[in-house]
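K.L.:
Residue strings, one per chain:
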Amino acid sequence: MAASSTAAGLETEAAGRAPVAATVWHFLALAAIFVFSVFPFYWMVTTSLKSQADALANPPVWLFTPTLEHYAAALFTKEVGATLVNSLIVGTATTVLAVGLGTPAAYALARFEFRGKRDLWFWFISNRMVSPIVLAVPFFLVARSLSLIDTHLVLILLYLTFTLPIVVWICTDQFRGIPPELEEAALLDGASRFTVFRRISLPLAMPGIAVSAIFAFIFSWNELLFALVLTRSQARTAPVAATSFMSGYELPWGEIMATGTLIVLPMIVFALIVSGRLVQGLTMGAVK
Amino acid sequence: MATTVDPLPAEGPTEDPMGAAGPRPGRMRLSPAVWFLAPAVLALAAVGIYPLGVAVVNSLHRYNLARPNAPTPFVGLDNYVAVLSDPSFWGAVGRTFAFLALVLPAELALGVLFALALHRPGLGLMRALTRVALVIPIATTYAVVGLIGRLIFNRQFGVANQALSWVGLPPVDWLGDPTLAFVAIAIMDVWQWTPFCALILLAGLTMVPRETEEAARLETTSAWSIFRHLQLPYLLPGITAILILRTADVLKLFDAVFVMTRGGPGTATELISIYVQRVAFRVFDQGLASAQAVILLVITIVLSRLYIKFVYREV
Amino acid sequence: MRHTLTSLAAAAVLTFAGGASAWTLKEAAAPYKGTTIKAIFLDRPGYAAAQKLIPQFEQETGIKVTWEVIPYESSRERQVLNFASQGGEVDVALVDVVWIGEFASNGWLVPINKFTSDPKLADPELNLKGFFPILLESFGTWNKEVYGLPFDNYSGLMFYNKCMLEEAGFKEPPKTWDELLNTYGPKLTKPEKNQYAFALQSRRGETQSADSFMRVLWPFGGSLLNDKFRSNLMSAESQKGLEFRQQLMKYMPPGIVDYDHAEAVNALAQGNVAMITEWSAFYSTLMDPTKSKVKDCLAITTEPAGPAGLKPALGGFSLAVSSQSPAAKQAASWLLIQWLTSAKMAVPYIEAGGVSGRVDAYKGLEDKYQFVKPMVASWQGGVPDYRPRFPEWASITEIVAEWGTRIMLNEVSVKDGAAAIGQRMEAVLQEAGYYEGKKPLLK
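As they're listed, the protein sequences go chains Y, S and X.
So the first sequence is numbered by my numbering: it starts at 24 and just counts up by one.
So the second sequence is numbered by my numbering: it starts at 24 and just counts up by one.
So the third sequence is numbered by my numbering: it starts at 52 and just counts up by one.
In short, the hints are calculated from the structure, not lab data.
Heads up, a few of these hints could be off.
Ranges of calculated distance between the beta carbons of each label pair, as one might list FRET restraints [what the hints assert, rightly or not]: (1) Ala93/S / Val434/X: 21 to 31 Å; (2) Thr90/Y / Gln185/S: 45 to 55 Å; (3) Pro305/X / Ala186/S: 12 to 22 Å; (4) Thr117/X / Thr95/S: 28 to 38 Å; (5) Val119/Y / Ala68/S: 50 to 60 Å; (6) Glu417/X / Tyr65/Y: 48 to 58 Å; (7) Ala80/Y / Thr95/S: 51 to 61 Å.
Which stretches of chain S does chain X cover? Using the computed rule of at least three CB atoms under 8 Å from a CB of chain X, they are [what the hints assert, rightly or not]: (8) 77-90; (9) 196-207; (10) 293-306.
In silico contact screen, one side only, chain S against chain X (beta carbon under 7 Å); selected entries [what the hints assert, rightly or not]: (11) Gly287; (12) Pro288; (13) Gly289.
The model shown is predicted, which means the values in this text are computed figures rather than measured ones.
All C-beta atoms, glycine included, are put in the ideal place defined by N, C-alpha and C.
Go ahead and model the full structure; you've got the sequences and the hints to work with.
P.N.:
Below, the structure written as structure tokens:
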């Protein structure tokens, strides 16, 4: 977006001047960064395609005949598929809820003046900082007394503790960036605050909302501790499936990595598709 | 969509973010704000504050989940006293801050280098490709990062030992040696979070006015001087944001370490969240664990309050 | 067991009175046809064996059996959370020897009495006396009440690579721990070839406390607690055992504190170590040519003896009926447990890779399976409370595991570490009320 177009401009002007040696070093540096970022992921994917013997070979092998057997095992015997569906349900629902609840709040924080606003804002944001272990213990007890253990609902609600702050954080910024004049004209025409919010501000804030939704979804997808404590079998999410391999007598590394790939791949594909937005989000409120 | 880049300048060091909101909304009545805020506040209070209240109450009682028939008497501050005088708790706290002191400088330094390489003109396609690649670690599920760590640092068939053998070093037992295990979890953390730092810092670099940067490049050949005097000021907000967020994240760090080492060998990688989890869900001592959680919360709030006061513009 | 006899008699009387044919599983299960029950299983050979046999049970009874395979390290956590939240998710509870006190005294398990006294449910051939007494006593019984039937039964055994021993000039395995340390250790350890004499799985967790820490206490005459439930770790015998372990580490692979069962078994299977003391259950893993390179060199004997004699590790699991399940599921669960651990199924279970707790099953199998003789010998001796089985073990094992690994890593001395464990352990027992006579000293 803005970043890339600026960079592109710089590049065409500067390209002619860069000495060859510097360009080579630059290329090597970029290649190193690329390998650094991709290698662990690459290693996971290739291991998931190795036979058990290749996966356990010492020293590790780099060339091998790929097999899909571990994916079949992970999907059909370990039921990773069901956990992916659970993660999708929980992630989507909590994101929708967070956006639905968070955007009006963000709007109010951006547009209204009232006493205690700073504290309220701080309180929203500080939820983002709270360690999940702090909430997991009491929430387990509460969920138990409400018979909510092992339901999607309990995770959807609990995930609001980190998705709502993200939405509020990013969207407050976004609403503040919209010129108030646009709204004032409508207010003078007799529209209610809520109509103005819905018809005028919300559409204009879409980029920010999208970014916050993306982050909310990624964080929900990746969450482990709450899911570990609060789910059993029905609502088990994908990261919990990743922890099911911690003991056992012969570790099926191919299958473990196939499971890891199945959990991570949807998120990486998603993140790559929206990577422009993602980068924008990082710069907006430096979200995470 | 690409036209709405206005949020970006708001991050710039010269802008006054308060300008946009201005004093005008001050004339609004209070009541609409309440309606806009109420749903979010109520929801967050229900999932955020109510359980905390439960935690505080539990922390004042003796309460073990695995003893359903035992009485749960009020014990005052006994649990807090027990936590504060427990060397294992302080060991975990110390380890957590040691971890922070290890990974944060590494991530910042590498992040700056990455950002500079990605910002440097030339090699457009390669830069675009590399920038996209940075998204992969960020999007990788933390628990899976732990699994990958166990694979890479495996004593028998880990690729880390293979890499050592290429430079003529003997294999080591990464996850079996306390120091090396600590290093190994730090390496995985640096892998996951350096790209995040790099992207934030890259955004800072793109704020440097193009003309100024061009002019500076013509004047001096010293990259260091350009960095120090021209680019660094634009990086500072990003660096502060990274400091805040990474500190909060390390205090929360659980998933990757839990999967990779479960805190072992011994207590070598037992960070604070892992320790509290052990007390809460292995010993099932809810009183003690709640007291630990409350203390951890206080540490987090104090730190983040300081940080936010220190850097973030408030509403 | 008079109790069994009575129910036998009762069953017999009923049979005659009703003029019906003898008790059959099919008839007993008829009222529960279509019932689904859920069990907790581990990722170990005995459970794989059960999974192979269960379809027979389902076919005969029409009861549907589901199970969830959980890593051992999370299995107590999982069941406690379920029971404490009245989850009703587990019908057939898996009870480790060290959980029986906790599960039983919390009222989470149904005493088998409820079923054995019901002639409709009690198989006349149940014969509790057919189990090795030590197994039924320690895995299934708490405070003289039987709750579970021994299902996955272990004795600590010494598995060794006889080819490696022969190469180093040893015709026989070490008979004592001293011999292992002083004679076998130096000759079998060649770090430059990545070869070590011995591996003692010591990862923090139950592995550290059960397999590593306790294993060096008993043979040297030490123990965790004395009969007043005070720490016995500072006694000369306990200290000697713990010091011994530190010395033995010279002959173990580096990073042994990160070895769990998988790593220790694998180290032997790959020919990197010459000897391990492991649970009998790993026999089938070590004999599997796809997992083991040493199948033809594998030999098995009892654990080495110490100054106090042969005190092998004892461990294992019983299956028990959850008290939170509805009556029909309880009955169906009981029928499964009774069937799976029955004398009739014992041999098929062994052949499928399990280790039965039935005495008679092993008659005639001594030659077929190498592990049988030393295991039976171990079960005839052995310490039933090798690890205390009281509810407080869950807290104590965490303490032992933390400080036990720290001792091995030389972060604290044996003395200081043992003192730290003792002090913390006594605090737990104090809180539980053992020292004020509130609670009987059961372990």
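K.L.:
How does the coverage statement for the segment 196-207 of chain S fare against chain X, requiring three or more residues with Cβ below 8 Å from a Cβ of that chain?
P.N.:
Per the Cβ count (6), the hint holds.
K.L.:
Do Ala80/Y and Thr95/S keep their Cβ atoms within the hinted range of 51 to 61 Å?
P.N.:
54 Å, holds
K.L.:
Determine whether the Cβ-Cβ distance between Glu417/X and Tyr65/Y falls within the hinted range of 48 to 58 Å.
P.N.:
52 Å, holds
K.L.:
Count residues of the segment 77-90 of chain S with a Cβ under 8 Å from any Cβ of chain X, then say if the count reaches three.
P.N.:
As far as the segment 77-90 of chain S goes, the hint holds, because 4 residues have Cβ atoms under 8 Å from chain X.
K.L.:
Determine whether the Cβ-Cβ distance between Ala93/S and Val434/X falls within the hinted range of 21 to 31 Å.
P.N.:
28 Å, holds
K.L.:
Does 28 to 38 Å hold as the CB distance between Thr117/X and Thr95/S, or does it fail?
P.N.:
Hint holds: Cβ distance 35 Å, inside 28 to 38 Å.
K.L.:
Hold the hint about Gly287/S up to the distance rule: shortest CB distance to chain X must be less than 7 Å.
P.N.:
Cβ of Gly287/S sits 5 Å from chain X, so the hint holds.
K.L.:
A range of 50 to 60 Å was offered for this pair. Does it hold for the Cβ distance of Val119/Y and Ala68/S?
P.N.:
For Ala68/S against Val119/Y, whose Cβ atoms are near 20 Å apart, the range 50 to 60 Å is violated.
K.L.:
Is 12 to 22 Å right for how far apart the beta carbons of Pro305/X and Ala186/S are?
P.N.:
19 Å, holds
K.L.:
Quick check on the hint: Pro288/S CB to chain X CB, less than 7 Å?
P.N.:
Check passed: Cβ of Pro288/S comes within 4 Å of chain X, closer than 7 Å.
K.L.:
Can you tell me whether the CB distance of Thr90/Y to Gln185/S sits inside 45 to 55 Å?
P.N.:
22 Å, violated
K.L.:
Verify the coverage statement for the segment 293-306 of chain S against chain X, using a C-beta to C-beta distance below 8 Å and requiring 3 or more qualifying residues.
P.N.:
It holds, with 4 qualifying residues against the three required.
Figure legend: structure checked against the earlier numbered hints; hints not met, in rising order: 2, 5.
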